[in-house]
Amino acid sequence: MSVGIIFSTTNGGSAITDDVDHGSGNNGTTLGAQLVYVRHTGVNSITGVKFYIAAYDESYSGDASAIDDLAELIAWGDDSTALGFGGFQLNMNAASSFPDANWPTYSSKSPSYGAVCRTGVGDNSTNAITLSSQSGATSDGVIQAGTSPNVRFKCRIVIPSNEDTTGIRQFNQYMLYNYTS
Amino acid sequence: MGKWTKFYANGSRYVGTDEEIAAQKASWINSPSQNIVAVELEHNHCCLKINGAGEYWQSDTFQLSMSTGKQKVVKRRIQRQMMNGDGAFSTDRRGDDLTVTFHSSYKVFGGDTSIKERKEMMDFNGVWQPVRGEWRGKWLVLEYNVLENRINHYISDVKI
Chain A
1 MSVGIIFSTT NGGSAITDDV DHGSGNNGTT LGAQLVYVRH TGVNSITGVK FYIAAYDESY
61 SGDASAIDDL AELIAWGDDS TALGFGGFQL NMNAASSFPD ANWPTYSSKS PSYGAVCRTG
121 VGDNSTNAIT LSSQSGATSD GVIQAGTSPN VRFKCRIVIP SNEDTTGIRQ FNQYMLYNYT
181 S
Chain B
1 MGKWTKFYAN GSRYVGTDEE IAAQKASWIN SPSQNIVAVE LEHNHCCLKI NGAGEYWQSD
61 TFQLSMSTGK QKVVKRRIQR QMMNGDGAFS TDRRGDDLTV TFHSSYKVFG GDTSIKERKE
121 MMDFNGVWQP VRGEWRGKWL VLEYNVLENR INHYISDVKI
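Chain order of the listed sequences is A and B. 46 is the number that our numbering gives to position 46 of the first sequence; each next residue is one higher, with no gaps. 59 is the number that our numbering gives to position 59 of the second sequence; each next residue is one higher, with no gaps.
Simulated from the structure, these hints should not be mistaken for laboratory data. These numbers were taken from a predicted model, which means no experiment stands behind them. Hints may be right or wrong, so weigh each one.
Unchecked claim - Below 20 Å or equal to it, Euclidean Cα-Cα: the simulated SDA-like pairs (lysine to any residue) are:
(1) B:LYS159 / A:GLU58
(2) B:LYS49 / B:ILE29
(3) B:LYS72 / A:GLN134
(4) B:LYS159 / A:THR166
(5) B:LYS138 / A:THR180
(6) B:LYS159 / A:VAL43
(7) B:LYS25 / A:ASN44
(8) B:LYS159 / A:ASP140
(9) B:LYS138 / A:ASN178
(10) B:LYS72 / A:ASP19
(11) B:LYS3 / A:THR180
(12) B:LYS159 / A:GLY42
(13) B:LYS159 / A:VAL142
(14) B:LYS3 / A:THR126
(15) B:LYS70 / A:ASP140
(16) B:LYS72 / A:ALA55
(17) B:LYS70 / A:ALA15
(18) B:LYS72 / A:ILE168
(19) B:LYS72 / A:TYR174
(20) B:LYS72 / A:VAL3
(21) B:LYS70 / A:SER133
(22) B:LYS72 / A:SER133
(23) B:LYS72 / A:GLU58
(24) B:LYS70 / A:TYR174
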């Protein structure tokens, strides 16, 4: 019924089997972007590929709660000030090697081929963010079959400058897709 | 778990169970798509069916946790493209089952020959509805939301 989805750090490489660790830093830090490749084992393309974030639903080991961590991440993305903006961000412009212009900012939260998860954008399945064709996908939201389709995106966490609470945060990133056998 | 079934004009049928599909022993795309007169989808206690010769499609939506790799099906759907020859459709909702039937002509209901033009997409009281001109070429979608245990129906500009 479903197909196997494989995330890796190289095209066609070994599957990522652990949580992605975005690292740690002080307030005002942009943590290192994570390059993620995605492919699948279906014989046909998968379509409607979208991403959104949600509360961590495994054994929580952060310093607050899964619900609070998600709410905070969304709030960072909602903030429209230079000091308060941050959050979980996507850059899907692989075709141009992920230029800075495609990362969101507090004044441009949905640049071409990029986005920050915030209220109404990537915060639930209804508002999921469509995978851009610039990622190497056949077209927006469509990943072709194959062992090395070279579809990839970058994601990162930006810690707001005015954040004053230390601690580990955890969240989940979901992918939605459609498949016809 | 569930299955879908294609019904053909010659009385034959093609069934794709979830188990057969997982084992790559059944396929919607690789099974005959000509001369389909009806399609049915069953999942758990829900049964969706569309009657009427035409072009059909079936797809499922899955949700994958990137942290754990765990997947689950969230929506299952069948869909039929509305064509120039479609005059009207009727719906039959009984519990968790929904059937939509297309006909090539309007039907006189209860002696009332007036046709009610509705802005809503469907009416579930069994009254025949005309296929609006702007719907032709679009897809009628019957969808079962597995997570919410809810049946949805809508018209999509594109095949999903």
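Hints, verified against the model:
{"no.": "1", "hint": "B:LYS159 / A:GLU58", "result": "35 Å, violated"}
{"no.": "2", "hint": "B:LYS49 / B:ILE29", "result": "19 Å, holds"}
{"no.": "3", "hint": "B:LYS72 / A:GLN134", "result": "27 Å, violated"}
{"no.": "4", "hint": "B:LYS159 / A:THR166", "result": "47 Å, violated"}
{"no.": "5", "hint": "B:LYS138 / A:THR180", "result": "19 Å, holds"}
{"no.": "6", "hint": "B:LYS159 / A:VAL43", "result": "19 Å, holds"}
{"no.": "7", "hint": "B:LYS25 / A:ASN44", "result": "15 Å, holds"}
{"no.": "8", "hint": "B:LYS159 / A:ASP140", "result": "15 Å, holds"}
{"no.": "9", "hint": "B:LYS138 / A:ASN178", "result": "19 Å, holds"}
{"no.": "10", "hint": "B:LYS72 / A:ASP19", "result": "19 Å, holds"}
{"no.": "11", "hint": "B:LYS3 / A:THR180", "result": "13 Å, holds"}
{"no.": "12", "hint": "B:LYS159 / A:GLY42", "result": "19 Å, holds"}
{"no.": "13", "hint": "B:LYS159 / A:VAL142", "result": "13 Å, holds"}
{"no.": "14", "hint": "B:LYS3 / A:THR126", "result": "26 Å, violated"}
{"no.": "15", "hint": "B:LYS70 / A:ASP140", "result": "24 Å, violated"}
{"no.": "16", "hint": "B:LYS72 / A:ALA55", "result": "17 Å, holds"}
{"no.": "17", "hint": "B:LYS70 / A:ALA15", "result": "14 Å, holds"}
{"no.": "18", "hint": "B:LYS72 / A:ILE168", "result": "28 Å, violated"}
{"no.": "19", "hint": "B:LYS72 / A:TYR174", "result": "11 Å, holds"}
{"no.": "20", "hint": "B:LYS72 / A:VAL3", "result": "11 Å, holds"}
{"no.": "21", "hint": "B:LYS70 / A:SER133", "result": "25 Å, violated"}
{"no.": "22", "hint": "B:LYS72 / A:SER133", "result": "25 Å, violated"}
{"no.": "23", "hint": "B:LYS72 / A:GLU58", "result": "15 Å, holds"}
{"no.": "24", "hint": "B:LYS70 / A:TYR174", "result": "10 Å, holds"}
Violated hints, in rising order: 1, 3, 4, 14, 15, 18, 21, 22; the structure is consistent with all others.
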